[in-house]
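A.B. asks: Model the placement of chain B on the given structure of chain A, informed by the hints.
Chains as they are written, first to last, in this note's numbering: chain A, 1 to 343; chain B, 1 to 344.
Bear in mind the hints are in silico, worked out from the structure with no lab data behind them. Where hints are given, some of them may not hold.
Stated by the list, open to error - With the Cβ distance kept under 10 Å, some of the chain B side facing chain A (calculated, not the full set): (1) T24; (2) K29; (3) G32; (4) E58; (5) H60; (6) V61; (7) N63; (8) A65; (9) D66; (10) R103; (11) R104; (12) D106; (13) T107; (14) L108; (15) G109.
The model shown is predicted, which means the values in this text are computed figures rather than measured ones. Using N, Cα and C, we set each Cβ at its ideal position, and we do this for glycine too.
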Amino acid sequence: MARMANRVLDESRDTMAELLGAKPGQIIFTSGGTEADNLAITGVAQATGKTVICSAVEHHAVLEPTAAAGGRVIGVHPNGQLNLDQLSATLEELKGDVGLVSVMAANNETGIIQPIEQVVDIVKATAPDALIHTDAIQAVCWMDVAQLAADVDLISVSGHKFGAPKGVGVLVARDGAIFAPQALGGGQERDRRGGTQNVPGIGAMAAAAKAVGRERPAAVHRVRHLRDKLRDQILGSVADAYETGEGVAPDQRTAGMCHLCFQGVENESLLFLLEQAGVMASAASSCASGATDPSHVLAAMGVPRSLAAGSLRLSLGYTSTEADVDAAAEAVIAAVSKIRSRS
Amino acid sequence: MAMSGGVDSSVAAALLIEAGHSVTGVTLKLWGGESDSGCCSVSDVDDARRVAYRLGIEHHVFNFADEFDEFVVEPYVSAHQRGETPNPCVECNRHLKFDKLMRRADTLGFDMVATGHHARIVSRQGIDSAPVRYVARGCDKAKDQSYVLYMLDQATLARLLLPVGDITKGRVREIASEIGLNTADKPDSQDVCFISSKGGRRVFLGDRIALSPARLVDVDGQTIGQVSSIELVTLGQRRGLNLGGDEERRYVVDIDRQAEEVTVGHREDLMVSSQPIRDLIWTDAPVGGEVQVQCSAHGSCRAATIKGSEILWSQPQPRVAPGQAVAIYCDDRVVGGGVTERAR
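This is chain A alone, in the form it adopts within the complex (with noise of 0.2 Å):
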């Protein structure tokens, strides 16, 4: 029974590892997301005793263990890509006491993706001595995350985020990413995270990964085109709506989101009306009571508290279809319509 389970975790770590452009050894099996991510930050900011910086539109899995590391957060421009000349200013005034810099590669809400070879590039020049981190977890099925992050240390992914089930992530941590590991004893994935492994878990998301590898090319094309669709059928049919992050070039958007926001709308009766239409949408993220909570990232862009309100993310898979997307666009034209005219 142990070698089979073995089995299953030493050939998922060659397939993630595949994946990700990575050694089989600088894969560390995690719960998710949030503890790979959480790993990294805290981890570094132990091990290093310096300080940590994030952007400021991070999912609070990164947000969350930079502030209690007493960390900095740095700023987006309107279109929601990071301020890399305050990235600059920031390290130089820092000096040498940066430990790590955590920059996501495509934000979790809207989509937009983040310059991460300019940010290795102005890293590697100023501070040289610093890990660089990036939560690609929202990046596996749209990008190739080998590609884009091979000059970062520190890469977390979320199996749900790719069709594996919930509860299984994992952190690349390059040969040399020093880190203080959270969970001792054990000595699962080389003393760096201690705890029994969710095998299925991690088998199932290996088959996850081994599928994506496959399909994403097609499925980007494809998929950023039905995206295209909803968004130009909704925006040419609803006034005062718009897409969020003006002026971000076309392949800086993920394929699979579309992130639009309608003036004059409450987005928890757009949400409620759309999932008795059948189209299961969200907001923002959802805080512990299952509330929509006003979106952290849509403030640091500059969008108005009042038109973020009416926020809306229609996400987009590789099994979506014409009909779905034909659906969808009639159930938020008709949604925002009836709420217009009720309110």
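C.D. replies: Leaving out everything else, chain B in the frame of chain A:
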């Protein structure tokens, strides 16, 4: 169905389903800060969701935290700053449950809204034969919540259901236990839901406003002591004044924010024949004759007439702290209400 996660709204939902309604459960997220009781915590949302699973109905959480801050928490703080004793549950009902939630229900296409309040809605024939609706006391007199619903108008009453108003709290718990709801033994909520019992009002207000000391004076204006924060003093208060070995009971009879003075007197100094009020509303037509007036959630009713913006007591009554909700009753029907002002 507005579901707080408590036993009353859980059973109310069950009763509505039994009566054949198509029910959707909604829990309001009102307060993001620290709290240990009441309607706002994550564990209450979890309880409500479990009840909804159990009853087989949809459950949603609406985030009204911004409005709660604006209409309940901030006015609560500024009322204390003015030397008033506000009633945040009444303001939450007025602005959140019976305004924001009602409007949300309209937008989403629901025809009725229900809550778990212990009160009833009764209907009488009006002059033009259209029915006039009133909130009436719940049949469990000890748990009656009609006082905090005095602000409901005809349009709201026509669309509101109060399913547990016709049964006692004991019966509510029995039903909850019969149908196996996990909230059956949950204790009643107490106190202000956004103030933790650990820090209390002093810490909550102290974090938000500067608390100022004030002189304690007797009715002749002689200084007899000091209080550390005038914002925490309530009219009618007897304890915590540190008046030493005073044999006679003495009460706060006036709070003057301008002069930073708290006047202390005997019970007879508290007694007044009239009480000014503001924001007077009537459920239907104004009532000119004798009515019964209730000035606190668990207080008793006193006979009075309402003239202009004054309550004229039939017998002298103690002054009521300014900022308190007033519910006006004819028998067990709420016919109107308002908010007390500082008595002269």
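A.B. asks: Evaluate each hint against the coordinates.
C.D. replies: Results of checking the hints against the structure:
no. : hint : result
1   : T24  : holds (9 Å)
2   : K29  : holds (4 Å)
3   : G32  : holds (8 Å)
4   : E58  : holds (9 Å)
5   : H60  : holds (6 Å)
6   : V61  : holds (4 Å)
7   : N63  : holds (4 Å)
8   : A65  : holds (8 Å)
9   : D66  : holds (8 Å)
10  : R103 : holds (7 Å)
11  : R104 : holds (6 Å)
12  : D106 : holds (6 Å)
13  : T107 : holds (5 Å)
14  : L108 : holds (5 Å)
15  : G109 : holds (8 Å)
Comparing the model with each earlier hint shows no violations; every hint is respected.
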